[in-house]
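**Q** Chains as they are written, first to last, in this note's numbering: chain B, 1 to 236; chain H, 237 to 647.
In case anyone wonders, no lab produced these hints; they're calculated from the structure.
Heads up, some of the hints might be wrong.
Counterexamples of contact, computed for chain H against chain B with all Cβ distances above 10 angstroms [what the hints assert, rightly or not]:
1. V369
2. A409
3. V445
4. R469
5. A473
6. T491
7. P564
8. P584
9. S586
10. E594
11. M612
Pulled a few chain H residues facing chain B out of the computed Cβ check, cut under 10 angstroms [what the hints assert, rightly or not]:
12. A264
13. V265
14. A483
Heads up, the beta-carbon is just placed ideally off N, CA and C, and yes, glycines get one too.
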Amino acid sequence: MALLELEGVDAFYGRIQALRGVSIKVDKGEIVALIGSNGAGKTTTLRTISGLMHPNSGTITFDGKDITHTRPSQIVGLGIGQSPEGRRLFPRMSVLDNLVMGAYTRNDKAGIASDMERVFTLFPRLQERRSQISGTLSGGEQQMLAMGRSLMSRPKVLLLDEPSLGLAPILVETIFTIVREINSQGTTVLLVEQNAHKALDVAHRGYVLETGSIVQHGSGQQLLASAEVQKAYLGM
Amino acid sequence: MSQAATAGRRGSPRRFNLRERIRDRDTAVYGVLIIVAILFPMVTIYATDGTALVSHATRAGYFVLLAIGLNVVVGFAGLLDLGYAAFFAIGAYSYALLASPQLESSPAHHAVHITFWILMFVSLLAAAAAGAVLGFPTLRLRGDYLAIVTLGFGEIVPQLFYNFDQWTGGINAVGLIDQPRLPVWVQGPWSGDGPFTFVRDFSFNGDPVAYYVLIVILIAVAVILVNNLYRSRLGRAWMAIREDEVAAAAMGINTVTTKLLAFGIGASFSGFAGAYYGASVSLVSPDSFLFIVSITVLVMVVLGGMGNITGVIIGALVMYTVIFYLIPGLPENAVSLANNVGLGGIVPASGDWPGLAEETQRLNFIIYGIILVGMMLLRPQGILPSRVREQELKHAAVQEEETVVEQAHAS
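Start from the sequences, fold in the hints, and give me the full structure.
**A** Structure follows, in structure tokens:
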């Protein structure tokens, strides 16, 4: 059974339909990429999963539970962590305070401390800057902090929204290496990306979203080789 | 320890010091405040041979309580509340109605006299409930829109007390409010006026020193509570919501209850203050809770240093002194100054000149305004700012600079 499953999800912004019958399956231990152009509904899909908006029809199941109408505050506690679009750090808090906020739903001090160590091992740069105010970090460091912060809730599934957005190519490389690293440590990842090439390269499977509908899915390599994907998203 | 040793090459040791320095600063301010609070009545009664200054201090005291409460809403959670006086009014009326002859002439035909020590908490709960009621419809509002709704609430509540005159006496106000009595819990054959009297009931009876002691204790309790709240999980959630509400929700913070708690807890302090106010002035009228009260308390919070408890206390004391002591005393002081420096000629009125005292009186609000503008220009972060606020202002300044530089490059 899939760890996270969306089935026929419709979502609206007012009267505009953003998602049309979206069905996605994410199995335990996978990296799944969701690619598509601007406005295709990628972020909306993540927002419906994290409970920030609710689908008008369709169901979302996580770990065997129906979470279609669960509140966002409970969804984090169930094990869905997210690094939201545009990073959304707490810009005037220090790096350390941001990470502590990431563990807001948890109470186990020892576990939080060991996860903090884990984040610092993944992102040594964050440890160097732990008491710096996060708004003054560089773009790449901010992205690292956003990912580190979302790991602090010790999620079973990590939702990453455009982690490579606005970063220098060398940093994009680093970020994707770390995504793979996080996944190899046992966290399932649902990755939303415009950088289709990189995303499909690290992903086990991928879905292509176009104006609110899934138009294609397959393994990362299959999609990379697909003529339509190459034409539409890879510029070949 | 090893973490601290490996921590950053740049910045971090200095910042740790800053944090410690601020903690030291708070300890020092609390120390000074406690000493001043103890010495103040002794020194002023000895020096002025009267309790007028102590009365002033008791009035300043409930403004301190109000500022501490509003700071929870505005400073911690970042929700701009322009109707805070409404909760103060609800607290004051809760006490006034349940501890005065007022309800005798109401449709209930029965006066209620419950002791202050219980009603203090009734007022607190009433104000907190009102806070949650106000909070509920405003949950989706932010910034300016929230400010306008709270402003409306602040206007409605005094009007309600004004118009429900069957119960509240309306414009005639509620008078003859009971004074607190001590010690109520040791009633028995040994108290009262019997032959075996060991402990007499101690009625406050308008004694400013008794009220002074009471308000100092209330403030001390409030400060301890608020400090603990600030360091708690809830305190961190408030800060996160102030910084970025969407991100806070993504961290698993229940933004609905967190915001309602900010309104409710913030309001509860003004319920406390309201009960105290009703007892100490013994007369509660709708006119005491107008918009100007909300604004005054907000000015105290902002000028003192939003988000920082010691800053807010100092801000309340400084602004109280300016508004209720220095400015009303200006005409008199101007006259005696003019007489002393040999300008006695400008004191009396003549022709178009209304006289120095009258003229200064007319300029009062201008002088108040100049003081406010001056303080905001000199110290926009407040007298004793919180660390986070200081960063916010710096951050905003840096961003502004960057935009200017970018624009310069672009053109």
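**Q** Give me the numbers of the hints this structure contradicts, sorted from smallest to largest.
**A** Hint check: 4, 5, 6, 12, 13 fail, others pass.
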